[in-house]
Every structure is written in C-alpha cells, then in structure tokens.
Amino acid sequence: MNSYDDAYKSLENSEWSPPESLASFLRAEVFEHSRVSGISSVLELGCGMGSVFESPDLSPLGINPTCVDVSETAISRASERKVTGEYLVADVTSPDFFIPTMFDLIVDSHLLHCLTRPSLREAYLANVIKHLKPESGIFAIETMVAHKKMDIPGFDKLTGIVGGDFGRKVFNHLELEQELLKAGLRIEFLIFTSGLNMIPVSGRDEAFITDPQIARALCSFKPA
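Residue numbering for the sequence shown follows this note's numbering, beginning at 1 and increasing consecutively.
Derived from the structure by calculation, the hints contain no laboratory data. Treat the hints with caution; some may be incorrect.
Restraint-style ranges between C-beta atoms, simulated for each label pair [said to hold, decoys possible]:
id: 1; residue 1: T159; residue 2: S136; range: 32 to 40 Å
id: 2; residue 1: E188; residue 2: L158; range: 27 to 35 Å
id: 3; residue 1: F208; residue 2: P134; range: 34 to 42 Å
id: 4; residue 1: S59; residue 2: E188; range: 36 to 44 Å
Treat the numbers as computed from the prediction; the structure is a model and nothing was measured. In this text, a Cβ means the ideal position worked out from N, Cα and C, and glycines have one as well.
Construct all of the structure, not just a fragment, from the sequences and the given hints.
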C-alpha cells in the first residue's frame, strides 16, 4: 500500500479538491431525494487528503463524517488542513478493520475501482456491510465502467485493469452489478451515465469521451 503514500507525498495541499461529480450525485440522489432520513453518522472510505463533504454542494449540510484512508500522508495532510470530520488511517480491505459504529451512510470516495484485485474488493465490501445499518443504511458508490468508445492506452481488456496493481479497475456493466450482489448488498439505484466520463489515469485534469463512463449506485443491506 506504500504506493498510495508515495503518490500523496508528491502532491501539495493546494492540488487536492473534493470530487465534485461524487458530491453532486450524493446531493441529488441521497440528500435531496431523502433516501436516507435522519442521517447522524457518515463513513467515507478512501477519502484521500480531505472529504467529499468539503464540496460546495455538500458543505452547507453540516455533515461531520468519519473519513478513512490507507495513506498516512493523506490523513496527515487532511488533519493539517483542519477540515471537518474525524480522520483515521486504516486498511479497509483488512479483516481487522473495525469502527465501533453502525453508519446511516457509507460513501465510497472513488475507492472501489482502485482495488484491482477481486479478493481486495470482496474484503472491502464485506467491511462495508459490517458497518452499514441493516435495512435503513445506504452505501453510495460512484465508479468507472467501460463503453464502446472507450480507448485507454495500456488497458487490459481481459482483466479490465489499466495501470497494474496500483492502477484502476474498469468494470463492465454486468460485472459491477454482480460484484455488489455477490457481496450481499441490495441495489436500490443503479445508473450508467452516458456523457459523464471519469479520468482513469494520473497526470491530467480533463476527462475525454474515450475515458470510462461513470456508474452510480446506492445499495442497502438486509440481513438473512
């Protein structure tokens, strides 16, 4: 996991900004549509150097999230900036990951597609379920999916990975749905957004039409 620390060490604090597409998704589909009523506890996974709730779309809501990232450097930078939230260094793919709280809302802050190995994604989703309030809790995901016009240098069509172990997983539509259901999650909302693209590689600030499209999902968990 040291590669994530290395990546954050190369960034200045001013280079970080909250993921605005994720923020607008949460605002529109979770808060404005009241999919979760009476939110008092929010967990953000893969927060990096700050929380999506710093976004102008979400900051007026006054949410005080618990934010987790595997990178000590990222969490240290977030703490230095004295931003809203409680920041923790932890590996959310570890079976030992535990926070003594059940959450109303868990936000995948563009983490799922960073877990290129299936075993890591399985472990991660198991930890999501472990911390999500049964029935009423919502798990919100914004990730990347393949499409016909996609063209990424170095993309492995067989595995759906670009960039190796510390690269990105680009799901196909069915694959994403199957992984969520296999984990035991119940899909409440799933949309593949034609016209919205996500940058799959580092080194640029603008998404191309040949980049992966954005998929958005809201999931709940019903115990057997």
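Could you see if the CB distance from S59 to E188 stays within 36 to 44 Å? At roughly 25 Å between Cβ atoms, E188 and S59 fall outside 36 to 44 Å, so the hint is violated.
State, for the Cβ atoms of T159 and S136, whether the hinted interval 32 to 40 Å holds or is violated. holds, 36 Å
Status of the given 27 to 35 Å range, CB of L158 versus CB of E188: Holds, at about 31 Å.
Evaluate the given range 34 to 42 Å for the C-beta pair formed by F208 and P134. About 41 Å separates the Cβ atoms of F208 and P134, which means 34 to 42 Å holds.
The structure fails hint 4 only (numbered hints given earlier).
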